[in-house]
Amino acid sequence: MNKKIGVYICHCGGNISDYVDVEKVRKAIEGDDGVFLAKTTMFACADSSQKQMVEDITDQKLDGVVVASCSPKLHLLTFRAVAERAGLNKYNYVHANIREQVSWAHSDNKVGATEKAIKIVKATIAKVRNAEALEPVKVKSTKAVAVIGAGVAGMRAAIELAEAGAEVFLIEREFFVGGRVSQWDDLCITDETGKELITRLYNEVMKHQHVTLFTGAEIIENNGSVGNFEIKVKVTPRYFKLQCSGDELKKAIEVCPVEVPDGFNFNITKRKAIYHNYPSEYPQLPAIDMKNCTRCGKCEEVCKAIDFSQTTEYLTIKVGSILLATGFDPYEPPKGEFGYGEIDNVITLPQFKRVIHYNDDKLIWQGKEVKNIAYIYCVGSRQLNGDNKYCSRYCCTSTIHTAITAKKKYKGIHNFHFNRGIRTYGKAEVWYDESSRLGDIYLQSFEHDPPIIEHRNGQTFVKIKDLLTANKELEVAADLVVLVTGMTPRQDNSIGNLLKVPKGRDKFFNEIHMKLRPVETVIDGVTIAGASQGPKNIMESMNSALAAATKSFSLINSGELALEPTIAEVDDTACEWCGKCDEACPYSAFEKIEKDGKLIAKVIPSVCKGCGMCLPVCPTNALNLIGLTDVDVESMIDALIPNA
Amino acid sequence: MEGGKVNNSPKILVFSTEKISDPAIDMAGLLKLHYPPTVYTIPIPCSSAIKPRWILHALERGFDGVFIAADGTDCPYGESCTVKTAELMRVTQQMLKEKGIDTARLKMAAICSVCSEPFVKHVKSFAEYLSKSSN
Numbered sequence: 001m002n003k004k005i006g007v008y009i010c011h012c013g014g015n016i017s018d019y020v021d022v023e024k025v026r027k028a029i030e031g032d033d034g035v036f037l038a039k040t041t042m043f044a045c046a047d048s049s050q051k052q053m054v055e056d057i058t059d060q061k062l063d064g065v066v067v068a069s070c071s072p073k074l075h076l077l078t079f080r081a082v083a084e085r086a087g088l089n090k091y092n093y094v095h096a097n098i099r100e101q102v103s104w105a106h107s108d109n110k111v112g113a114t115e116k117a118i119k120i121v122k123a124t125i126a127k128v129r130n131a132e133a134l135e136p137v138k139v140k141s142t143k144a145v146a147v148i149g150a151g152v153a154g155m156r157a158a159i160e161l162a163e164a165g166a167e168v169f170l171i172e173r174e175f176f177v178g179g180r181v182s183q184w185d186d187l188c189i190t191d192e193t194g195k196e197l198i199t200r201l202y203n204e205v206m207k208h209q210h211v212t213l214f215t216g217a218e219i220i221e222n223n224g225s226v227g228n229f230e231i232k233v234k235v236t237p238r239y240f241k242l243q244c245s246g247d248e249l250k251k252a253i254e255v256c257p258v259e260v261p262d263g264f265n266f267n268i269t270k271r272k273a274i275y276h277n278y279p280s281e282y283p284q285l286p287a288i289d290m291k292n293c294t295r296c297g298k299c300e301e302v303c304k305a306i307d308f309s310q311t312t313e314y315l316t317i318k319v320g321s322i323l324l325a326t327g328f329d330p331y332e333p334p335k336g337e338f339g340y341g342e343i344d345n346v347i348t349l350p351q352f353k354r355v356i357h358y359n360d361d362k363l364i365w366q367g368k369e370v371k372n373i374a375y376i377y378c379v380g381s382r383q384l385n386g387d388n389k390y391c392s393r394y395c396c397t398s399t400i401h402t403a404i405t406a407k408k409k410y411k412g413i414h415n416f417h418f419n420r421g422i423r424t425y426g427k428a429e430v431w432y433d434e435s436s437r438l439g440d441i442y443l444q445s446f447e448h449d450p451p452i453i454e455h456r457n458g459q460t461f462v463k464i465k466d467l468l469t470a471n472k473e474l475e476v477a478a479d480l481v482v483l484v485t486g487m488t489p490r491q492d493n494s495i496g497n498l499l500k501v502p503k504g505r506d507k508f509f510n511e512i513h514m515k516l517r518p519v520e521t522v523i524d525g526v527t528i529a530g531a532s533q534g535p536k537n538i539m540e541s542m543n544s545a546l547a548a549a550t551k552s553f554s555l556i557n558s559g560e561l562a563l564e565p566t567i568a569e570v571d572d573t574a575c576e577w578c579g580k581c582d583e584a585c586p587y588s589a590f591e592k593i594e595k596d597g598k599l600i601a602k603v604i605p606s607v608c609k610g611c612g613m614c615l616p617v618c619p620t621n622a623l624n625l626i627g628l629t630d631v632d633v634e635s636m637i638d639a640l641i642p643n644a
Numbered sequence: 001m002e003g004g005k006v007n008n009s010p011k012i013l014v015f016s017t018e019k020i021s022d023p024a025i026d027m028a029g030l031l032k033l034h035y036p037p038t039v040y041t042i043p044i045p046c047s048s049a050i051k052p053r054w055i056l057h058a059l060e061r062g063f064d065g066v067f068i069a070a071d072g073t074d075c076p077y078g079e080s081c082t083v084k085t086a087e088l089m090r091v092t093q094q095m096l097k098e099k100g101i102d103t104a105r106l107k108m109a110a111i112c113s114v115c116s117e118p119f120v121k122h123v124k125s126f127a128e129y130l131s132k133s134s135n
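Heads up: the protein sequence lines correspond to chains A and B, in order.
Note that the numbering used here numbers the first sequence so that position 82 is 82, with each residue one more than the last.
Note that the numbering used here numbers the second sequence so that position 22 is 22, with each residue one more than the last.
If we strip away everything but chain A, and leave its shape as in the complex, we get (with noise of 0.2 Å):
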């Protein structure tokens, strides 16, 4: 059957119509086939144009339209709504882009210029005439959501999401929650320290019955899509009964005679394998590390709450969506860099934070006193050589702060500061003016001349060539290095591979539109939030928590989803399964079906994502987009032929 299209040309004020003949191209298409009306317009996104078209459509029952534009991305969707306001299925629409791609790029050639518009339009018309109405996918989604790491942008999240009445799975793979910021004492501007921050955030978690909270829990499985996740977690136990009493655990702690470099003071300190990180830590319940245990038996004499007869539990839980607020890890200098590691008073800004905790009236590393503190700046970040091109943005503001505050704590603390350029942004700039009204010094390179650091005598010593005294070489002898370390993804990215989130050049999780979509991944219904996806700081990991929750709960309110129904589809009869196409598929998206006695392949529609992975790789050629099949493609070729 043919089709009744109605074709309209823009002039974009002048921005087409200048460089591209308009008349002519209308004059070209107007004859082709199936082309009913083709009209010029002065501005086709106008208010007016737009009811026109309506009520053309309309009027003249139009089955197909083409707008020849500005690039799709901009003005696609308001076309497309333009026919669904005139009761026209919105993929009978089709865009062709005669601005970015033909009068601007071709501004210095008019008569070029408007012999490929024509050609574009042409084969705009040849696509719109193969073009068939779509339904989207519908499928049915869960009303929950799982939110992965609990620190302070996934609690965040599970509160707001609770709030707004969806059931939540908060699962947190340490035994405590709290991640980094619990990690933290002052924060900067506020002065609350990270542990009062994450009080307040748990006791709002644990008041929200529609909250679940998992420790020791990860996500082993996944199984199904947006609306529909399917997922296994793993929970391994404390060995801990409910009830403990307090001296009952000093006892056990005591006499456990597991000692291991403890993680949440960055190994400057050792813990034993019955721990808590701190007295006051939520879960208050410690618990028992079974890597480094070695079930000697001596606590369970001393610690009635002790039960070694726990075992690890497997959960299937069904949510609509995920949340990923899985966080980073501080940089970890290889050995050698500055000195790290070979060097006893070098340290990195993780331990340092961790070593003032630890310290009251007097500043001590390695059992002699502090006073000359050498901060070096950017260590891990804005790598010439190395992966992290990127700023972690936190660093600076939180060394200054660090600086201050142990300036204030102790006497006599001299602070140097090793920068390549200062990025206190925002509020965080009057903590800048603060440091240096109190004396502290500041000495600047570039990226290619770092500070060296020099070890002799007994002594540290951090040479530069300081850019803000007309390059000269200066040298302060410090008793404590502060590397300052920034964020980089988390080294177990297991998560992220069992939900095939991408990541992006900097191998943090990927949004699909930086801008746009800022919250939202490829894969549909996985959100990402704080850190996981990039250096923040506190408050923009809650912005950033708080908008992903919002967009894990529009997937799931209405208990319906609909889904781009531009996948790809399997001819039955073409089809030999191979399984080449499952192969290629970066999702999942096929399945081994049964039909008329062979196997085929099948496209699980919720979960295909309309790449074409899979179509270049069928011996067959059983497989086609919907909306980009050989007949589209084919004959949009067939209509650019140069002199056709």
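Take the hints with a grain of salt, since some may be wrong.
Here are the computed distance ranges between Cβ atoms for each label pair [said to hold, decoys possible]:
hint, chain 1, residue 1, chain 2, residue 2, range
1, B, K124, A, E583, 49 to 57 Å
2, B, V83, A, D361, 56 to 64 Å
3, A, T573, B, Q94, 23 to 31 Å
4, A, D638, B, K99, 13 to 21 Å
5, A, E429, B, S131, 52 to 60 Å
6, A, L37, B, I101, 37 to 45 Å
7, B, K99, A, E583, 21 to 29 Å
8, B, V83, A, K241, 23 to 31 Å
9, B, E117, A, D33, 38 to 46 Å
10, A, G597, B, S131, 49 to 57 Å
11, A, Y425, B, Q94, 48 to 56 Å
12, A, H448, B, K121, 22 to 30 Å
13, B, D102, A, D638, 21 to 29 Å
14, B, S80, A, T573, 51 to 59 Å
These are computed hints drawn from the structure, not numbers from a lab.
Glycine included, C-beta positions come from ideal geometry on N, C-alpha and C.
Fit chain B to the supplied structure of chain A, relying on the hints for placement.
Then chain B, alone, in the frame of chain A:
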């Protein structure tokens, strides 16, 4: 090449990708970086979705060259894109060889979402090569 009407630059079909290279080609226009108007673009979701038969169709029906503006490592559908696009290039070139078509008439380069200048450079030098080789 026959015809040679108003514009006798080589005719190039570009397969761009909706999220990565097509925005770069749009931006080339925005920046008024000129290239021959005989370069036509068909946007598709991902460069590893191109069927060799489409490329053959274009070359056999009158296009002088086909340029794949690939996603490279920026592909939103995952890291495997580069390997898969390279593989379909290899398969297609093999098919071109068998048909006695110059394999250099098919070209690929990764074009990131802001790689407008590299895109223009690539299509210009490709056009130059094609016009030399066809004469």
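> Taking each numbered hint in turn, which are not upheld by the structure, reported in ascending numerical order?
Replying inline: 1, 8, 14
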